[in-house]
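Put the complex together from the two separate chains, hints included.
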Amino acid sequence: MKVMKTLAATTALTVSAGAVSAQDMSNELVLVSWGGAYQDSQQKAYVEPYLAMNPGLTVTWDSSSAEAVAKLRAMEEAGNVTWDLVDAVASDSMRLCDEGLAEELNHDEMLAAAPDGTSASDDFGDLLVSDCFVPQIVYSTTFGYRNDMVGDTAPTSVCDIFDTTKYPGKRSLQKRPIDNVEWALYCDGVAKDELYDVLGSDGGMERALAKLDTIKDDVVWWTAGAETPQLLADGEVVFGSTFNGRLFSAIAEQNQPIGMLWDMQSFDLDGWILPAGLPADRRARALDFLKFATDTQRLADQAAYISYGPARASSAPLVGKHAELGIDMAPHMPTDPANAGNIHVYDYEWWADNRDDLNAKFEAWLAK
Amino acid sequence: MAITPVENQTPTFTAAVVGAAGALAGLFVGTAQGSGLLGVVIGGVLLAIVGYVAPSLTERQKPVRWAILVGFIVAGLIIGGVPAAVVGVLFGLFFGWFAFWIASSRYRAHLAPYLTPKQVLWHYTFRVICGSIFFFLIAPIVVVMPLSFNAQDFFTFTPEMLRLDPEGYSFKHYRDFFSNSEWQASLWNSVRIAPVATLLSVGFGTLAAIGLSQPHVPARRAIMAILISPMIVPLIISAAGMYFFYSRLGLQGSYWGVVLAHAALGIPFVIITVTATLVGFDRSLTRAAANMGADPVTTFFRVQMPLILPGVISGALFAFITSFDEVVVVLFVGSAGQKTLPWQMFLGLREQISPTILAVATILVVISIALLTTVELLRRRSERLRGMSPG
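From first to last, the protein sequence lines are chains A and B. According to UniProt numbering, the first sequence is numbered sequentially starting from 1. According to UniProt numbering, the second sequence is numbered sequentially starting from 1.
Read the hints as simulated data drawn from the structure, not as lab findings. Among the hints, a few may not be true.
[Unchecked claim] Examples of chain A residues toward chain B, derived with CB under 8 Å:
| no. | residue |
| --- | --- |
| 1 | S26 |
| 2 | V30 |
| 3 | G35 |
| 4 | A74 |
| 5 | A78 |
| 6 | G79 |
| 7 | N80 |
| 8 | T82 |
| 9 | W222 |
| 10 | A224 |
| 11 | A226 |
| 12 | Q230 |
| 13 | A233 |
| 14 | D234 |
| 15 | F292 |
Each residue gets a CB set at the ideal place from its N, CA and C atoms; glycine is no exception.
Pulled out of the complex, with its shape left as it was, chain B reads as follows (with noise of 0.2 Å):
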């Protein structure tokens, strides 16, 4: 695999590097434990003295890296019992690792021989630039996960579960929210909002799509404008004109005048969606229908359609999540008869800071990830077939 022949770097360039990760390692070590330049200068010296002598140990590679895993385990242990040691075993294996990488100059081995040392620098820069983004994007989404299992009505860590003791956690959380009639209450809300939200979004906003496309509508953008401005102004907005508006008509705390409000905000995103696949979409086809003598209804369902139809899906997704994840247009438009999962949830982290929230949430992330993919699997095997059918 290599394209780039490979040598041993020297003793000083590895033990800088090293020593360099070694401080930063130090530096959330220490700072864990009181003191941060403490533990940059301990992290630092001591792997920089790993990488000095990595470069002569090349030969011998497995029982360093297991030497310098078990050090890292003793020191976890004396640090702070089992957890830290777990930590410990994370950096040990990267460590180990990442000095004789180094040291052997394999992280050369498959970059372009030509590549000067500043670009092979910024190639694995940028790497760790955007897997620092990726971490920052997960990890709250990831915590929360764990904290749900917590065994204490706090968002705490609690000694407990950072030691790993099964007394520490517990299904009570998940139990709660299915058993909690607020909960379910809400949860049956959201679930009999959401979609009929969506088919009116969907609907709608495919239509008007449809129509703001054809060349020869009057005052086209001014329209366009006018339809997309719930994505525009701000939410509250939006809401508190939609109170009084809603209450005059009777609408206000009923179950339509929330899914009326939710397809207002969806309708948007549907015209955004499906106005970008019609951009795309040959016109011709529709003359060469009507010109084989079907009319324009069949001509949309069996012509148009399935043409537009990535365009009209993501829209739809885009106009359930909407609705799915809205607390400021339900807190008004809808009254107490109308609480949904995200209002509950709203509710949960003002008064209780309850723990069935982050039990809701991960329960939610789980749910979204399985739509997510199934939407994705459904794509690849529409893609698939098409490409199997001949033209």
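Extracted from the complex, chain A is given alone in its bound form (with noise of 0.2 Å):
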């Protein structure tokens, strides 16, 4: 009976998505991304069978979600927004959907249901964040450790890094205040629930800083995401903070010495934003592109070609093997319960409130 009622729910799907298409809908696709590993899994899991099911169509990609913030403003400005859809994290959509850069999405009507007809805003729960927001992926900020430059005893709580005695040695952290404050003030003795608490506080940022004072001169900053990898291939650094992904591609697919520090990994969420103010034909092609790519399966299938969790709760049980390697993907998702043990959840909102405070207050200690 529920086979049944999917294939029908799959047809119709198939029918209503092939009325809208034809003559409606832009020929051209631009989509903004990362590049890197992350854009390919984009490209193959996404990208490819929806070229595969339009002919017609061309995709370009354009890695500059880094810039997105700050472009799509320019873009804005100048009254030419030639970005269709925009890969961002969802501090960014957050930006983006309060300055009116990104159009507010009706999730249930533009998205794909679950495959047993669960609504799309009941599979993603929680991490709708924004209204502007599509998630697709959950990924986190972890720590990645050269195997032989730690001695007898691996790392096992993050703050390790913060033990320069323990394991000496340089180590990578990212050039900004968010997830480096709250592991500080972690291992500084602050409970988990009270680290915004803490931080928001007079003097809970100095304190922050103060514990970073204290392997100042042993860090690394890095700025992308490449970087640490990189260090730790060259072992110029004994950990490096990084997207666990990355972390995953140099362990699993260049057989690096590097092992994963899990404890306290930092969760955070990508996905998709839809720019304001787009043409009829060319909202209706990226409209068409998100709800094919955002579908469970889909999301699913991006699982095969790196270490992000999906973000529909469907998807989940259908995540299966690494597309080369052929190795099983979920014990390498930051979602897997063997990693999620001790995890540390990123407070979008409070960060939203104090960001450009705290980081004028980082730089300023950065460069003191």
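Right under this line is the structure:
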């Protein structure tokens, strides 16, 4: 019975999708993403199948997500938005939404329901952090360490980062306060659920920076996600934080002697936003692609190329093996129970309110 | 050949000079092995001994040089296996030659006999400085080349590579460049944009230079300054300005937008090089041509153009390289459809740090060398032809 229902739903979906297509949709689609292995996973998991379904379409990638907010502002000001769909982290999508640069979406209407009929908004659940945002993946910022440089005892706690006597050598951290100050306070003895209360109180940021001061001379600051894997591969650093998918790629695909330290990994979301004010034909194409690219199967397929967790609850059971290596991907997902024992959930709203202020303090501290 | 008679140096002098060179070499080897100071001491002492005995052995150089070479190879093998032994060969060859070069005063042979020791010292110091400058300019380009054959996806000399193991090397980054659609699209974009931008730059730049070289043009200096300004104004400012201007015109994100922007950047180079050649251009030639019935267009193509051609060509080369290497302006003025090679390399560096960039860099270096060699050969050929023609 259920199978019949699913079948009927899929057929209806295909028919309705077929009805919209043809003339009213643009034949060009400009997608903005992050480049690298992540963009490749998007290309393979949903762009190539979508191109196979729409032969006349050309898809162009612009790997400008790092500057998405600034560039969209400039495009809006110049009155010439050339992007159709932009891949952005959750906090950027919130800023773009607040500024009116991203279109507010009706998730249930515009996105595919789960195969069992659960509505899109229920399927994504709490991950729909903004009205403009369609999450694709859950990723985490976490640490990798050189197996051969940590001695006999591999690090098990994020606080080992701050222990330069036990683990001497350089460590690489992202050049921004987010995550770093939370880790610093946590290792300074602050309970996990009080992190933002302490950070927001008088002297909270100073306390975090004082903790970071203890390792400041040993830190290599990075700005691009590829830097830490390179530093680890070179043996320049003992530990380094980066996105978990980058570490997976260095470990599983490049056979580097690197281990994962999942403790206090910091979860974040990444997903699509639709720039506001697109011409009707381009908007129709973008929405058609969006519906396809964020359905249950496509998000599960993406996990075959990169170790980021699919944002839909219904995709999780479908996660299979790595497309080339044939290893099970589930144990490499940040959301896997074995890895998610002690996680840090990053508070978007708190950071949205305090980011500028803390960034300034952090920069001043860095320059000291 | 010798213009100064030479005689063997005293053992102390040779010991001091060769020992100092050994200390310098020891500094590098020692630092690589963990202790620079120890390296300096060991290198200095060992080679001072070699230097001390060398003057008495100048009659039997060959076996001694072989002994030095073998000594260095063995030391290299002990320190770091085969790759270090290769370095040892280089060191051994150098020091074997150097010790006797000093000991037998051969360094003095082709210098004028009246030079003081200080002048001799400066003569060689100067050459060493020049060589070092050359090394520092070339080394960063050369080091990229072996790395581009890395079998791994990192900018790292892996142990396999250092062992000269074929396993450590691969063409996969070259394959990636030629098979990856992103790289091929960006290469194609660069090839489509740069020549057209160069043509526009050369056309407008040459005309502007000729016009501005006429004495009767009012406000020549001011016009010249404005035309040259893209070279002086920080690129990012030009880029931001062009972005908003071209957006209003609907040129932003279009092929012609990027071509025009690059042409504007290339024009100053053409103006400067053509103006320089026009300084030596004899204006009475155009009057003579007119006198013989040539109209201005014929005069330009038959008389003026051939004479200023070297300036035009070098301006065109600069304009081409400007467009081909440019990344800031195209980031603003272009959209994803005009992603050029430097843009793709910039993205690759920021997001992936993939050695494909190094493969591309190697290919570009090879192309540049080929291009410059061709131009130089053509120039020599035309010089030769001109030399043969009467007048």
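For each hint, the structure was consulted:
About 14 Å separates the beta-carbon of A:S26 from the nearest beta-carbon of chain B, more than 8 Å, and the hint is not met. Nearest Cβ of chain B to the Cβ of A:V30: about 6 Å, under the 8 Å cut. The hint holds. Interface hint at A:G35: satisfied, since its Cβ lies 4 Å from the closest Cβ of chain B, which is below the 8 Å cut-off. Satisfaction of the interface hint for A:A74 is found here, the shortest Cβ-Cβ separation to chain B being roughly 7 Å, below the 8 Å cut-off.
At a threshold of 8 Å, the smallest CB-CB gap from A:A78 to chain B is about 3 Å, leaving the interface hint in force. Taking 8 Å as the C-beta cut-off, the interface hint given for A:G79 holds, the closest approach to chain B being about 7 Å. For A:N80, the suggested interface contact is upheld, since its CB lies about 5 Å from the closest CB of chain B, less than 8 Å. Interface hint status for A:T82: upheld, as the beta-carbon distance to the closest one in chain B is roughly 4 Å, under 8 Å.
Hint status for A:W222: violated, given a least beta-carbon distance of 11 Å to chain B, over 8 Å. Given the 8 Å rule on beta carbons, the hint for A:A224 holds: about 5 Å separates it from the nearest Cβ of chain B. Proximity of A:A226 to chain B holds as hinted, the smallest CB-CB distance being about 4 Å (cut-off 8 Å). Given hint, A:Q230 at the interface with chain B, holds; its Cβ is 5 Å from that chain's nearest Cβ, closer than 8 Å.
Against a cut-off of 8 Å between C-beta atoms, the interface hint on A:A233 holds, since the closest Cβ of chain B lies about 4 Å away. Here the hint on A:D234 is kept, as its CB sits about 5 Å from the closest CB of chain B, short of 8 Å. Residue-level restraint check for A:F292 is violated (minimum Cβ-Cβ distance to chain B is 20 Å; threshold 8 Å).
Comparing the model with each numbered hint stated earlier shows that hints 1, 9 and 15 do not hold.
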